[in-house]
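Listed below, chain by chain, are the residues.
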Amino acid sequence: METKHMQNKPPVNLMGGPGRGRGRGPVMINEKPKQAGKTLKRLIKYIWYSKGLFIALMIVMLIITVLNLAIPAIQGSAIDCLSPAVTGGIVDFDLFLKLLIFLIVLHIANSVSTYLQGIFSAKLSQLTVKKMRSDLFAKIVYLPIKYFDTHRHGDIMSRMTNDVENISNTVSQSISSVISSILTLIGTFIIMLFYSPILTGVSLVSMGLTLLVTKVLTKYMRKFFIRQQVLLGSLNAHAEETITGNKTISAYMLEEKEKDKFNDISDELKKYSIKAQILGGSMGPIMNFISNFGYLLIAAVGGGLAWNGIITIGTIQVFLIYTKQFARPINEIANQFAQIQTAAAGAERVFEIMDTESELQIEGDRVNIRGNISFKNVVFSYNKDEPVIRNFNLEVQAGQKIALVGATGSGKTTIVNLLTGFYDIDDGEILIDGINIKNISKKKLRENIAMVLQDTVLFNDTISKNISYGKDNAKIVDIKNAAHTANADIFIERLPDGYDTELSEGGSNLSQGERQLLSIARAVLKNPQILILDEATSNVDTRTELHIQKAMIKLMSNRTSIIIAHRLSTIRDADLIVVLDKGVIAETGNHDELMKNKGCYYNLYTTQFAGKEI
Amino acid sequence: MGTLKYLKKYWFFAVLAPLCMIGEVFMDLVLPKLMAQIVDEGVLDQNISIIVHTGLRMLGCTALGGIFGVLSGAFTNLAGQNYGNDLRKKLYDKIISLSFEQTDKFTTGSLITRLTNDVTAMQDFINFALRGFARSGFMFVGGIIMLLSLNVEYGKITAIVLPLQLFVIIFFMKKIAPAFMIVQNKLDKVNSVMLENVTGARVVKAYVKEEYEKERFENANDELLDINLHVMKTMAIISPIMMILMNVAVVFIIYIGGLQVLAQNIQVGEIMAAINYITMILNSIMMVNMIFRSITRAKASAERINQVMNTEPVIKDGKGFDDEAKNKKYCIEFENVSFSYRDSKGKPIIDNFNLKIKHGERVAILGATGSGKTSLVNLMPRFYDVTSGSIKVEGIDVRDYKLKELRDKIAVIMQKSELYSGSVSDNIKMGKEDAAKEEVIAAAKIAQADDFITSFENGYETMVTEKGSSLSGGQKQRISIARALIRKPEILIFDDATSALDLATEAKLHKALNSELKGATVIMIVQRVASVLDCDRIVVIDNGTVAADGTHEELLKTSKIYMDIYNSQLQILKKQL
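Residue numbers (numbering that gives the first Met the number 0), protein chains in the order written: chain A, 0 to 613; chain B, 0 to 576.
Hints listed in this document are in silico derivations from the structure and should not be mistaken for laboratory results.
By construction, the Cβ of each residue, glycine as well, lies at the ideal position given by its N, Cα and C atoms.
Treat the hints with care, since some could be wrong.
[What the hints assert, rightly or not] Heads up, simulated BS3-like pairs for lysine-lysine below, C-alpha to C-alpha not over 30 angstroms straight-line:
| id | chain 1 | residue 1 | chain 2 | residue 2 |
| --- | --- | --- | --- | --- |
| 1 | A | 400 | B | 415 |
| 2 | A | 260 | B | 415 |
| 3 | B | 431 | A | 260 |
| 4 | B | 444 | A | 256 |
| 5 | A | 258 | B | 104 |
| 6 | B | 93 | A | 260 |
| 7 | B | 104 | A | 260 |
| 8 | B | 444 | B | 357 |
| 9 | A | 270 | B | 88 |
| 10 | A | 256 | B | 431 |
| 11 | B | 315 | A | 258 |
| 12 | A | 470 | B | 185 |
| 13 | A | 400 | A | 597 |
| 14 | A | 258 | B | 7 |
| 15 | A | 44 | B | 213 |
| 16 | B | 232 | B | 173 |
| 17 | B | 4 | A | 270 |
| 18 | B | 401 | B | 89 |
| 19 | B | 431 | A | 274 |
| 20 | A | 443 | B | 213 |
| 21 | A | 260 | B | 408 |
| 22 | A | 581 | B | 415 |
| 23 | B | 213 | A | 130 |
| 24 | A | 256 | B | 7 |
| 25 | B | 415 | A | 470 |
[As the list claims (entries may be wrong)] A short, non-exhaustive set of chain A residues, derived as facing chain B with CB atoms under 10 angstroms:
| id | residue |
| --- | --- |
| 26 | 55 |
| 27 | 107 |
| 28 | 149 |
| 29 | 236 |
| 30 | 254 |
| 31 | 290 |
| 32 | 376 |
| 33 | 408 |
| 34 | 511 |
Put together the whole structure using the sequences plus the hints.
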């Protein structure tokens with residue numbers, strides 16, 4: 000659903016749904032079509048992954064159910080031993096004691112089974128949820144970049160945490176109790192049928208009533224439960240956004256405003272939760288009423304039947320006991336309903352991610368990429384009506400050094416997004432060594448590309464692990480060499496733990512420039528055929544840059560390099576300079592040619608340096 | 000548990016919920032009697048009117064009990080959800096007011112988990128306490144009274160079994176309690192790997208590390224699984240032990256009852272009733288198990304919440320000052336300022352830094368990566384406080400200002416632009432909430448952002464995607480600049496905030512700033528010498544202290560470092576000339 004929805008809408012409008020924007024007051028949520036049955040089926044499929052456990056659990060529960068049905072009967076017989084009406088005044092104390100001992104044995108068996116049931120259901124729930132979390136993560140890792148660019152990260156997180164957590168609780172508690180209830184129902188039903196088919200028919204009336212009410216209430220309740228989970232997602236998204244973007248909030252003293260917004264969502268969440276929970280809580284009493292009504296019906300009809308000699312009084316007595324027993328599992332199921340509803344709403348959101356199309360994974364040939372790149376009539380737009388790249392043509396020979404130049408927003412970074420397959424082009428083709436990149440596996444493609452981006456990404460791990468991110472099992476010597484090449488060794492060695500320094504979340508304990516040096520070192524170590532530098536040194540001071548420059552030149556030799564920089568000085572010795580203007584190529588050539596042409600490049604160059612002496 | 004005080008406001012609901020529960024329990028106690036009556040007097044005696052009458056009473060009681068139950072549930076929810084809502088809001092309020100070093104310490108991932116998971120755990124606890132505790136409490140008391148009223152002998156069995164049950168519960172709970180904290184911490188870890196992958200997806204893909212990340216996640220996931228299983232397996236022992244104790248007690252009741260029947264002391268019906276009541280009592284004790292579990296969980300969550308709640312923001316409003324105390328001679332003065340991040344060892348990042356900046360001056364600050372430029376910027380609007388020395392704005396220590404006044408005066412444009420979900424216009428208006436449309440456009444024009452914004456189909460109303468991913472780096476920076484300009488600040492600080500702009504655009508920006516923002520003091524942290532030439536003064540910092548201070552021409556003559564920087568940029572150029 001969501002994927003389809005995405006394709007039809009320009010990314011600029013996509014906040015995970017229309018109207019969920021900031022500054023539009025209380026959050027509005029678009030209701031999604033619900034497929035409760037399908038969701039439940041998929042959930043069950045997950046449980047079925049541990050079918051051994053599930054079957055074992057079923058067997059144990061069957062035993063428990065049989066024991067639970069047998070124990071009252073035996074207890075009844077024991078008491079009957081004492082009842083003059085049954086024994087005719089003679090108390091068989093021996094039988095009484097034997098029955099009691101038998102009872103204790105059954106209880107022990109029951110406790111052991113219950114213990115096993117606890118273990119099995121714990122394992123089942125944890126394994127199920129673990130599997131689901133793993134699958135979800137595996138899915139997320141392969142989602143196209145577009146998904147992350149167009150969905151609120153906090154909401155994705157909420158699905159992975161809150162929603163999965165709810166499913167876990169349900170599987171561990173509700174599933175066991177629902178299954179045991181169903182087994183009890185079946186067992187009781189069989190016994191009832193054995194005693195009197197007519198009265199069983201009567202008790203079916205209340206059973207039918209129960210189902211009807213459940214169906215109506217569920218339909219009504221679902222809406223609230225889904226809303227509750229969606230709101231929880233927005234709450235998370237808002238919290239994530241404002242807590243990570245804390246600096247701007249502080250700088251502009253927007254705490255009050257953000258608080259108001261958070262409070263609005265929180266209040267809304269509260270409103271729906273209360274509604275959902277109260278509705279869920281009313282299930283039990285309603286069921287209770289219906290079941291007592293059934294009890295009364297049996298007593299009346301049974302009485303009538305007995306007086307007409309169709310059944311015996313004893314049958315009614317037994318039947319009433321079982322009618323009561325019949326009510327308990329129904330009650331239990333009703334009580335679990337709110338929990339199951341929450342989980343189903345959550346599962347729907349989880350499956351929504353799982354149904355999003357992954358990046359296309361083609362098992363391409365094991366070609367060795369040499370680095371010839373050609374763009375042929377490439378057209379691309381993030382937003383259907385506004386092409387960002389129009390009719391883009393470019394030939395790059397292996398080993399060449401290409402510079403993309405142009406005003407901010409002219410589409411330089413977009414070219415990188417396309418070449419790395421982060422986004423797919425609308426029209427035309429991109430070839431690497433003559434092969435359309437659509438036919439090269441993304442894995443193969445990216446293994447041959449290293450990129451250093453404007454926004455650095457560092458992981459909560461040691462510095463050396465962060466550098467060796469692109470190369471598994473890199474030797475420490477190689478890591479140190481890479482750091483040296485990137486000129487990062489100086490600051491790393493100043494840190495108390497050197498290369499073993501643990502970076503805090505996102506490397507927030509490093510300066511922006513230091514972070515860039517680390518990501519350059521990472522690219523150096525990867526040693527790819529194609530190197531992309533997208534404003535890779537924008538936050539590095541020029542002296543440091545000069546140091547790196549030599550290494551960069553070395554790094555760029557023998558491989559195709561694409562450099563994006565607004566500092567024209569850093570790109571002057573490129574083999575080919577491509578000047579972009581609003582998504583089309585305005586000019587190409589090397590520095591000298593372009594300067595002679597006195598076109599865009601000349602203008603850019605002179606505005607930068609003319610009259611500045613530099 | 001200090002967090003419980005937020006329940007006070009909803010005491011009315013919190014009191015009503017258990018009161019209604021009394022009604023429900025009472026009906027639960029009455030119903031079996033009515034049901035027995037239907038059988039004994041109605042069915043057995045073939046009395047249809049008793050069946051109908053008692054039946055109607057029974058249904059009435061069920062309905063009444065049901066209504067009490069729904070009400071009790073409703074009040075519980077009203078109390079619990081309102082409590083959770085207040086707690087969540089208070090906690091958010093606290094988190095957002097924390098100073099950066101504190102947010103860094105907690106990590107954002109953990110703060111979010113506390114705000115959601117832990118608050119929900121507390122709320123569940125309240126729900127459970129108001130209904131579950133009350134129910135088992137009343138059941139327990141009611142059951143004991145009824146049982147003892149039957150025969151004091153039965154009390155002996157209760158007296159033996161009850162302490163045993165309590166002992167079992169306490170013994171196992173003590174064993175599990177520490178594990179709950181571990182569960183939350185492992186959950187934190189799973190969440191943080193997720194967060195890294197969601198926010199860092201580009202790099203994960205660029206380096207083809209999907210499989211590696213999956214493995215990393217698997218590890219965290221496995222650890223969580225292990226600890227969860229450990230807790231659940233330990234818990235699984237409790238129930239069966241409780242059951243066996245309870246059931247053996249029931250068997251003994253039957254046995255004792257049997258002896259009494261033999262001695263002709265009591266009727267069989269009494270044994271049945273006794274079994275009912277003792278089951279009720281012991282069941283309510285089983286609930287204690289659940290209660291303990293929920294208390295243990297809630298305790299772990301409350302502790303995590305309190306850790307945040309009890310953190311006082313380090314940076315607080317200043318005590319204020321008389322306007323006359325202001326000394327307008329200098330706009331900003333740094334006096335022997337030193338600063339180091341907490342926990343960092345070694346040399347401070349800012350070390351005995353001295354600088355005076357006049358009103359309306361344009362000062363450029365240059366320095367190597369890691370020389371302390373950004374730290375310097377962080378000190379002026381008090382994102383962090385100096386370790387020693389002082390920073391004065393108009394002669395008053397920044398620590399004496401009310402934060403609002405200080406930050407209204409100073410606008411910082413950060414290195415990393417932070418955009419929020421909402422429209423472009425909303426993002427600019429963050430600088431001035433009540434800004435008119437004209438003001439937004441005017442600010443965007445100075446920031447050189449108007450051109451590209453109006454080229455969007457929806458112009459200023461274009462929605463910004465997740466963290467501005469649909470915009471280029473330079474576009475994001477210009478929106479952040481417009482956001483700062485719209486407030487017409489007295490002091491404007493660019494922390495390398497034009498790094499993604501091409502020089503032509505930057506030159507235009509400077510020109511516009513010159514003509515539109517007369518009188519404002521501007522501090523620019525930059526890398527390019529070319530972008531500092533418009534400034535009145537250039538300050539070079541090295542190792543956290545002032546290495547050179549003067550105009551471009553002066554520095555070229557006097558400062559070796561400046562010469563180096565200048566040459567490094569010239570060299571890059573000249574090499575190819």
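Here is how each hint holds up against the structure:
Between residue 400/A and residue 415/B the alpha-carbon distance is near 28 angstroms, which keeps this suggested pair within the 30 angstroms criterion. Annotation: proposed proximity of residue 260/A to residue 415/B holds, straight-line Cα distance about 24 angstroms (limit 30 angstroms). For the hint pairing residue 431/B with residue 260/A, the CA-to-CA distance comes to about 16 angstroms; that is within 30 angstroms, so the pair holds. About 26 angstroms separates the Cα atoms of residue 444/B and residue 256/A, which keeps this hinted pair within 30 angstroms; it holds.
For the hint linking residue 258/A to residue 104/B, the alpha-carbon distance of about 22 angstroms falls within 30 angstroms, and the restraint holds. The hinted pair formed by residue 93/B and residue 260/A meets the criterion: a straight-line CA distance of about 15 angstroms does not exceed 30 angstroms. Distance restraint check for residue 104/B and residue 260/A: the Cα-Cα separation of roughly 25 angstroms lies within the 30 angstroms cut-off, and the hinted pair is therefore satisfied. The hinted pair formed by residue 444/B and residue 357/B meets the criterion: a straight-line CA distance of about 27 angstroms does not exceed 30 angstroms.
Between the alpha carbons of residue 270/A and residue 88/B the distance comes to roughly 14 angstroms, so the proposed pair stays at or under 30 angstroms and holds. In summary, the hint linking residue 256/A to residue 431/B is supported, as the alpha carbons are separated by about 11 angstroms, within the 30 angstroms threshold. Of the supplied pair hints, the one linking residue 315/B and residue 258/A holds, its CA atoms being roughly 18 angstroms apart against a limit of 30 angstroms. At most 30 angstroms may separate the alpha-carbon atoms for a hinted pair to count; residue 470/A and residue 185/B meet this at roughly 28 angstroms.
As the CA atoms of residue 400/A and residue 597/A are separated by approximately 22 angstroms, the hinted pair is consistent with the 30 angstroms bound. For the given pair, residue 258/A sits about 22 angstroms from residue 7/B by alpha-carbon distance, which is consistent with the 30 angstroms threshold. Pair hint residue 44/A plus residue 213/B holds up; C-alpha atoms about 22 angstroms apart against a cutoff of 30 angstroms. Of the pairs offered as hints, the one joining residue 232/B and residue 173/B holds, with about 15 angstroms between alpha carbons and a cut-off of 30 angstroms not exceeded.
A distance of roughly 21 angstroms separates the Cα atoms of residue 4/B and residue 270/A; the hinted pair therefore holds under the 30 angstroms criterion. Between residue 401/B and residue 89/B the alpha-carbon distance is near 22 angstroms, which keeps this suggested pair within the 30 angstroms criterion. Distance restraint check for residue 431/B and residue 274/A: the Cα-Cα separation of roughly 38 angstroms exceeds the 30 angstroms cut-off, and the hinted pair is therefore not satisfied. Pair hint residue 443/A plus residue 213/B holds up; C-alpha atoms about 18 angstroms apart against a cutoff of 30 angstroms.
Restraint check: the Cα-Cα separation between residue 260/A and residue 408/B comes to about 25 angstroms, which is no more than 30 angstroms; the hinted pair holds. Distance hint between residue 581/A and residue 415/B is fulfilled; the C-alpha atoms sit about 25 angstroms from each other, no more than 30 angstroms. A threshold of 30 angstroms between alpha carbons decides the hint, and for residue 213/B with residue 130/A the separation of about 12 angstroms falls inside it, so the pair holds. A threshold of 30 angstroms between alpha carbons decides the hint, and for residue 256/A with residue 7/B the separation of about 26 angstroms falls inside it, so the pair holds.
Between residue 415/B and residue 470/A the CA atoms are separated by roughly 28 angstroms; this keeps the pair inside 30 angstroms, and the hint holds. A cut of 10 angstroms between beta carbons decides the hint on residue 55/A: the least distance to chain B is about 14 angstroms, and the hint is violated. Given the 10 angstroms rule on beta carbons, the hint for residue 107/A holds: about 6 angstroms separates it from the nearest Cβ of chain B. For residue 149/A, the suggested interface contact is upheld, since its CB lies about 6 angstroms from the closest CB of chain B, less than 10 angstroms.
With a least beta-carbon distance of about 8 angstroms to chain B, the hint placing residue 236/A at the interface is held under the 10 angstroms criterion. At a threshold of 10 angstroms, the smallest CB-CB gap from residue 254/A to chain B is about 5 angstroms, leaving the interface hint in force. For residue 290/A, the interface hint holds, the least distance from its beta-carbon to any beta-carbon of chain B being 9 angstroms, beneath 10 angstroms. Checking residue 376/A against chain B by beta carbon gives a least distance of about 23 angstroms; that is not within 10 angstroms, so the hint is violated.
Interface restraint check: residue 408/A against chain B, minimum CB-CB distance 5 angstroms, threshold 10 angstroms, status holds. Because the beta carbon of residue 511/A sits about 5 angstroms from the nearest beta carbon in chain B, less than 10 angstroms, this interface hint is met.
In terms of the numbered hints stated before, the structure departs from hints 19, 26 and 32, listed from lowest to highest.
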